[in-house]
Structure formats: structure tokens, C-alpha cells
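**Student:** From first to last, the protein sequence lines stand for chains X and W. Quick note: the first sequence, position 213, residue 213 per this note's numbering, numbers continuous. Quick note: the second sequence, position 70, residue 1070 per this note's numbering, numbers continuous.
These are calculated hints, taken from the structure and not from any lab test. This structure is a prediction, so every number in the text was calculated from the model and none was measured. Glycine is no exception: its CB is placed at the ideal position from the N, C-alpha and C atoms. Be aware that one or more of the hints could be misleading.
Facing chain W, from chain X, some residues (calculated, C-beta under 10 Å) [stated by the list, open to error]:
| hint | residue |
| --- | --- |
| 1 | Arg113 |
| 2 | Leu115 |
| 3 | Gln121 |
| 4 | Gln134 |
Partial chain X-side listing against chain W, Cβ under 8 Å, derived [claimed, not checked]:
| hint | residue |
| --- | --- |
| 5 | Ser21 |
| 6 | Pro37 |
| 7 | Lys103 |
| 8 | Leu108 |
| 9 | Gly111 |
| 10 | Ala120 |
| 11 | Leu122 |
| 12 | Ala130 |
| 13 | Val132 |
| 14 | Phe133 |
| 15 | Asn142 |
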Amino acid sequence: MIMGTGAGGNVWTMYQVSALSAAGYEVITFDNRGIPPSDVPPGDYSLADLVADTAGLIEALGIGPCRLVGTSMGAAIAAELAVSRPDLVTCCVLMAMRARADKARKALWAGDRALAASRAQLPAAYDAAAWVFQMLAPTSLNDDVAVSAWLDIFKMSAARRASAGGQDAIDLISDRRETLRAVPVPCRAIAFSHDVICPPHLCAEVAEIIPDCDFVEIGPGGHIGYLECPDEVNTAIIEFLDKHR
Amino acid sequence: MVAAELATSRPDLVTCCVLMAVRARADALRRALSAGERELRCSGARQPAAYDALISVLQMFSPATLNDDAAVSAWLDVYEMSAERRAAARGQDAIDVTSDRRAAFRAVPVPCRVIGFSDDLMCPPHLCAEVAEAIPDCDYVEIGSCGHVGYLERPDEVNTAIIEFLDKNLAVMPDALTRQISIGSEAVTTCPMYPLTESGWPTSARAMASLCS
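My request is simple: use the sequences and hints to build the entire structure.
**Tutor:** Rendered as C-alpha cells:
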């Protein structure tokens, strides 16, 4: 399972690992480069770096070809790996993924880059509030108990996100439609209804472009819909993986 | 909020109110956002204009607008260009918009219409609807596919909802009209449905206020 930008592989243990294990799968999660205890090399990283890291891990463990489940940047890693190293990949679940960026998503990326470049230190409380608006669906935002927990989590994980700085440079806005047309394995794209980072219509585009790919939309969920609607997401993952045992 | 508070404190100045994107209280997220913004102001940290604009656009608009390339480009420009104006209005940032005002809303003595916007992240529809429940004589209209600035995203629907409500409240205008007569208009005698001025019945709150004062 491949995590998105700035988060650790342990995020999958909240809801996905136990469900997939119960369904009979051996589940492997890991920290991408930039997330300790994995290495945090200085400088900017590229998607190709993380694709190579993932290929190296699969080879080191001797588990290829295997099924990949990724979200956001992790989904982009999975799809690229399927193209460059089809010998390592059986099938992919691609959550919250885009094939290209529209104006709003380009602005989002540019804004985040400008903020990182400015080295402005936003107060933790403001930063956490800005994050929950980008990550959660209104249903979660309007739930006092849920949103309070999320605000705490984003406050506490600020240091981790900051240390993953090299990941911020990874280009997730280029047009990857050509690459995706070459994905040679069966895929399922999962979109979250209220995702502002990867809105459903851009996620659906991924499913249209990959030759053998279906599409499932799950709601109400934001960019981290796998934590907001875990049961529906786990069902969609397991149903697809079972088809490709 | 200004309109509702004015209706309570100076009912002589107010015939009726349309209240858009208004809350009677803040929930956990909206309190956290206000606190975070206050901390940001106090910290003196300066966000790059591009970041500031995109956060504003994400918070102000509905997905329908965010997914429209032409619209979102125009709005990003507007927000980047208006950064200075927003900075100049910093005194407004100190205004308390998180206290519980439900008791105050219960005292609003004039007919009101609350308009909620379906995708409003600042004043979500369920908190907007609460205002309509608190005000004794108030109905509630929700407009779809728009965010906190729904009056700019769905102007036709919003204008229709405003005008329909204002038209209904023409019925309560005779007092104002009588007052106008008493301060010297000879032209109008009876019918409150017809304009006091050549340009038409003044329907904006401002015109009403000047009419009655």
C-alpha cells in the first residue's frame, strides 16, 4: 500500500490493514522517502525516485508481481510502476488520483510551492484549519467531534509534513494521460465525492484513459476518504483484489 | 449579522431583512478557523499572495466553480488583486463572529428570510437554517451548487429569492409610507404598492433607511 504526500504508511493501519488482512491478504505498508524512519535525503525528490524506491522494495522482499493500492501521490507511483515495471505489478487500486491538473489544482500546487519557498511559518492552529478544509468532506467538517480530532491530528503531524519537504517538489500537475494509456494491468480508480484535491471528474478521467480500469465513487468523503468512509472503501478494494487473485 | 442586530436594536429603521450566509453560533471547525486566523494575524507571518488567494478561493467557492477553469482563473485574479483591500479592512477581522447569538436572533422583530448556500464552508446550510429557526418570523431558502459567495456564483437564483421576499413585504410598507407622507410628500396618497420616487419603490435596505429617517 502506497501512501500520499507528507504522510506515513502507518495511516493505512487506521482502517485498511485490518480489513484487508481479514480478507486474506498479506498487507505491506511502508514510509516513502522523506518520511522517517525511511531515509530523508536532502533536496527535491521526483516521482521517478519514489517509483524506483517502491520497485526496489518489492524486489528486496521478493514479492513481485504484487497488487498495489495507492492514494493520491501513492496512486501515481503505482500507475507509473505498472508501466515501467509490469513484471512487478499484478493490478492497481488508484484512489484520489488525477491524470492532469485543471486551473484550481494548478493554483493549489503553485500556492503550496510559494508557501514552502517563502519559508513563512504559519501558526499551527491556522495551518491545521487550512488542512482540514482541503482534506475532509463537509460531513466530517460539520461533525464537532470528528473535526476536533482531525484538527489535533493535523496539528501534531505538522512536523512530519515539514520534514517530508523533498516530497513537496514532486510534480503532480503535469499531464500524465499518455503514460496512463500505457498501464498494462487491470486497475480500479476510486474517487471521493467531495475531494477538492482530486475531484471526482478528474479521477474518472483516469479510469477512462487506462485501458482496463473501472471506476467507483464513494461519498461523502474528501481527499482522505479512505479514513472518512473506510467500510465502503475497503469493500471496493477487496472486491477488486478478489477478482485478481 | 449587522442587519439582524440593527433590526433588534433599532426596529424603527428596519422593515424586513434578507440574511444570507449567516450563522447564529460557531461550531468546532468555525471556531478553530477564527482562532487560527487570529493567531496568523498576531504572528505577523506573511503568506505569499498566491497561497492566500488559493485558500480564499477554496474556502469561498463551491466545487462547481472550482471545477470551472475560466471561473476559477478569474476569481484567483480577483482575490490576488484584492489582497490589499482585505488587508486594509483588518479592523473588521477583530469582529466577533463566533459567539452564540441565538438569543439575539430570537428578538428580531421584523420578517426575515435566511438564504443558505449549499456548499458554504464558512456558514454551512445547517447553521444557516438554525438562524431561520431562531428568528420568530423567518423563512429559509437554500440555493444549490454555490459556496459562501453564492450571490456571485448563482446570482439569478439569489436575486429571485431576494426579490420574491421583498415583494411579499411590500404589504408591511404602509407604516413607512405614512411616515413619508407625514414628512411632506404630497404626491403619494394611498396605494403602498406604487413608487414614492420616479425611479421606483426603493427596495434596498439603504434606501429604506433613508426613506424612514
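**Student:** With reference to the structure, classify each hint as holding or not holding.
**Tutor:** Against the structure, the hints:
1. The beta carbon of arginine 113/X is positioned within 10 Å of a beta carbon in chain W (closest approach about 8 Å), and the interface hint is therefore held.
2. Checking leucine 115/X against chain W by beta carbon gives a least distance of about 4 Å; that is within 10 Å, so the hint holds.
3. Against a cut-off of 10 Å between C-beta atoms, the interface hint on glutamine 121/X holds, since the closest Cβ of chain W lies about 6 Å away.
4. The beta carbon of glutamine 134/X comes within 7 Å of a beta carbon in chain W, closer than 10 Å, and the hint placing it at the interface holds.
5. Because the closest C-beta pair between serine 21/X and chain W is about 33 Å apart, greater than 8 Å, the hint is violated.
6. Look at proline 37/X: its Cβ only gets to about 31 Å from chain W, farther than 8 Å, so that hint breaks.
7. For the restraint placing lysine 103/X at the interface with chain W, the shortest Cβ-Cβ distance is roughly 4 Å, inside the 8 Å limit, so the hint holds.
8. Because the beta carbon of leucine 108/X sits about 6 Å from the nearest beta carbon in chain W, less than 8 Å, this interface hint is met.
9. The criterion of a C-beta within 8 Å of any C-beta in chain W is met by glycine 111/X, whose closest approach is roughly 4 Å, and the hint holds.
10. About 5 Å separates the beta-carbon of alanine 120/X from the nearest beta-carbon of chain W, less than 8 Å, and the hint is met.
11. Because the beta carbon of leucine 122/X sits about 6 Å from the nearest beta carbon in chain W, less than 8 Å, this interface hint is met.
12. This hint holds: alanine 130/X has a C-beta 6 Å from the nearest C-beta of chain W, less than the 8 Å allowed.
13. For valine 132/X, the interface hint holds, since its Cβ comes within 8 Å of a Cβ in chain W; the closest pair sits about 7 Å apart.
14. Contact between phenylalanine 133/X and chain W, as hinted, is supported at the beta carbon level, the nearest pair being about 6 Å apart and thus within 8 Å.
15. Proximity of asparagine 142/X to chain W holds as hinted, the smallest CB-CB distance being about 6 Å (cut-off 8 Å).
Consistency with the previously given hints fails for numbers 5, 6, ordered from lowest to highest.
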